[in-house]
Amino acid sequence: MKNTEGRHSAQWVLLVAVFIIATCGLIYELVAGTLASYLLGDSVTQFSIIIGVYLFSMGIGSYLSRFFNDHLLEWFIRIELLVGLVGGFSAIILFLVFPLAISFQPVLYALVSVTGILVGIEIPLLLRILKDKVEFAELVSRVFTYDYIGALLASLIFPLIFVPYLGLIRTSLFFGLLNVGVGLYLCRYFAGEVRGIRAIRFGGIVILVAEVVAFIFSEQIMSFSETLAYNDHVVYSTSTPYQRIVITKNRHDLRLYLNNNLQFSSADEYRYHEALVHPAMTAAGQPRNVLILGGGDGLAAREILKYGSVRNIQLVDLDPVMTKLFTGQDILAEINKHSLKDPRVTVTNADAFIWLKENKKQFDCVIIDFPDPSGFSVGKLYTTAFYRLLKTAMTPQAVAVVQSTSPYVAPKSFWCVNETLRASGFQTVPYHNYVPSFGEWGYVMARKSGSYQLPDTFAIEKKYMSHAVMEQMLQFPDDMLAHEPLEVNKLNNQALVAYFEKEWGKYQEQ
Amino acid sequence: MKRGDFIRLTAGMAVAAPLLHACEETKSKAVPGKIVGASAAAGHLLRDHSFNPPGAFEPKEVVIIGAGVSGLSAARHLVQNGVTDITLLDLEAQPGGNAASGGNAFSKYPWGAHYVPVPNNNLTEYLSFLEDAKVITGYDPAGLPVYDEFYLCHDPEERLYINGHWQEGLVPNTGLNAAELAQFKQFFSQINHYKYLKGTDGLDAFSIPVDTSSRDESLRALDRVTMKEWMDNHGLTSEYIRWYIDYCTRDDFGTPYNLVSAWAGIHYFASRKGKAANAAHNDVLTWENGNGFLIDALRKDLDGKIATGALATSVKATSNGVQVGYLDVATRQVKGFEAKHCIVAVPQFVAARLLGDSERGKTLHEHFHYAPWMVANLTVKGLHERAGQPASWDNVIYGSPSLGYVDATHQQVQQRKERRNLTYYLPLTHASPEAARKEAYRAEHAFWAEKVLSDLQRVHPDIREQTERVDIMLWGHAMVQPRPGMIHGEARKSLSGSVGNAIHFAHTDLAGVSIFEEGFYQGLRAAKQILQQT
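Listed in order, the protein sequences are those of chains A and B.
Going by my numbering, the residue at position 459 of the first sequence is 459; the numbering climbs one at a time, nothing skipped.
Going by my numbering, the residue at position 197 of the second sequence is 197; the numbering climbs one at a time, nothing skipped.
So that you can see chain A by itself, here it is in the shape it has in the complex (with noise of 0.2 angstroms):
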């Protein structure tokens, strides 16, 4: 009588440690399942080859199952164990992995695989444990009744419960600690029947208590993850109305991020901005009044305050966040040399385009460094309509230059924002330098008339430019030409967009 009592509960625990891995194991896939459509976008993809994935897995794992002879017991612990690892640290993992974007599918797949491998090879296992102890049509519909009650909680907790108030890391690694609670149970349980019991109970224990930590440090994890993503530390990020602003930080050097696009790394940003602000401003003569489109980080700034010439600065850029930043950050600010506290500094914080429609001053000298034409809103601010009105805001002898993405990566697009110049009634000067951290750059300078003449000597304190620097930027090899006509850039048509797009998407395919 006893006998037999034993051995109906040691079933019965059995039968609740089928549940608990067939509702792990269904997490799991949905913690995949839903990972892959957050990072890779398209769900119905995602998830119908994820599903298709830890199926057939399991199919394998079904398979695999033949080849465990001796030990079943064991064998059922030891991979009720190896699930709560894998499973309890995949959205971690895929976390961390998502980053090093080259590897992230492979990964992905392979820890679907072994997830689905290792659930298929434990519910054959059961029904060879249980085989002799229970009457084999009781024991099929017991352990499949199970099994598939235990799916539907999973698919049901999952959305309603654990993604909103755990969140993904949380979710995965809360059953993956139910998963290695069940295997310890197990041991306790089956303690007199299981041969290398310590050992066992040794690894369960060693990946507990590291799940446990993990869970505690999630938050951490996540944000570290983000760092990998930047390949350095970020020192400060925020979103604001118009855009998502990172600031990295290493030994070397300190980076902005704008929207995910690199604006400047504090090595090299000097050569970027010499060559982006002196030739204007050497071109302009004495310039008393310069206007910044764009530039809220204060460098272009910095660049103008050494000219004596200069009376007033009137920068004008869209995001408060941006230049408050600039203005009261110290180690930015350091950056800038305090360009945006200087008494000859304006800061507006306002659509560059609404601004100019309503200007009514002119300038002598315009400096405009707006973000790359990747969309058709910032595209509207490198069409004719635009150049345009700057040329109301110009004095007869200001000249202007215009930041023009890169002649080497993207040349159409360079020679595009050349014509659209032209044709908006500039006489136009291009040129080109390499910065390291961007590659070949371009510039366009533009006047309203006049020739330009190359000056002797940049007369303030550089690193950069000289005369015979200035020389060979106006040299363009024939891998920076665009070989084809190019349309203007309008409004009804925005063909620098266009171009752009299909440019820098062919150079990033590579």
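Honestly, I wouldn't trust all of these hints.
[Stated by the list, open to error] Sample of chain A residues with no beta-carbon within 10 angstroms of chain B, all distances over it, derived:
no. : residue
1   : Q105
2   : I129
3   : S237
4   : D351
5   : K357
6   : L381
7   : R388
8   : M473
9   : K490
[Said to hold, decoys possible] Not the full set, but computed from the structure, chain B residues with beta-carbon under 8 angstroms of chain A:
no. : residue
10  : E149
11  : Q389
12  : P390
Simulated from the structure, these hints should not be mistaken for lab results.
Here a beta-carbon is modelled for each residue, glycine too, at the ideal position from N, C-alpha and C.
The hints should help you fit chain B onto chain A, whose structure is shown.
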């Protein structure tokens, strides 16, 4: 776990979740907004009541009834030619007729007509008006007009949601097979033939205004069949081209392709041949407030001459002119003008009642049909976008009863838009105009708001949460329907003629197609009839 169960389970969840969500949303939240404008109730006074004749008549040289495009164009031409003692009467609070517009803190927006195509170059008076309105900034050395870049529709202009994807342009091409694409090619080559065809009388086959088109018998024959019959005869039978043509005729005429005259349907495509220095012939001019911009330009020199909230009640020819009675809707007083001339610049069903002319009423009843429309303006926060072409000026959903929506903020140049105003157009073509009109006036705001949101939900799943306000405008008689016989029949001509020397008519329903140019030239024609006599 077995595959079948698992998939069933997952699929069940996927289907149930959005459904549950949708039920919850529709129950819990009513979108704010109201039904605005087009004073149908006041207008129906004219139909349902009889008014006393006015006690006194104020002398006036010209009274114009209706301050839509035709009336304003007539007034502008008269003032430019020294006839300044004029008054325009309009029932609405704002002049503009079908080009009415509104606005909020984020932008102005149209309530009706919202663009004009690049004009044909032979329309001298129209081009000179556009120059006056600073839409044309000058002419290039070849003599082609240069349009203000801010008014040419910005890129991206049009997109169509078809087969689960936003494609560029409205002519379906995503997911079509070679035979279906070939039908479009055939259609457009046919149109190209008509575009440059001249009739035996030497006139353009299809021209603007309509009345300058050739009256060649072989072309007039096109006015005796419907667009659908014409397409059937030409083997244009694929589902896609039928949708496209039906979309176009509903868009321009508020009339489905199986009711519209083939002549009018072809005119839509073949009459536009405008050339410009800085635009293509298929480009359009548009403004935040749609053609409200052109209304402001038309009325520029008419300050103090427009009486709004004024419902004309009678027009009676006298021995030396015309007596016009009207109701001041605010004070409920009937007043009168004694004028030398009157231009009746309202639709003919109103004109017939004003004149108390049962003969006119009969012709009208037999030949004139007017399409009812619903227009909605939605104020939205950022919307979730389906894959494909990004948000454009004109956004059309394949297979929808609506014409999609136009983004009123599209012509704004700033980087960030806190909110956008979307103008949604729905011609009520699911029933006869009479039935649809009655049904439309009975329905409440919530009904229309739900109709708009459930249509747009297909392309913007979060539209319900992101929409702050939906206002609705109902146009009982938005435009005349160019059914077969309208363009080349006799009814139009018989109603266009002046009554005596004093009463003249100007309205797009007399042209048979409701486009800006027709209104503009209708007004011009009536004004010239008066100027000839002075």
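- Which hint numbers does the structure go against, in order from smallest to largest? Those not satisfied are hints 4, 5, 6, 7, 9, 11.
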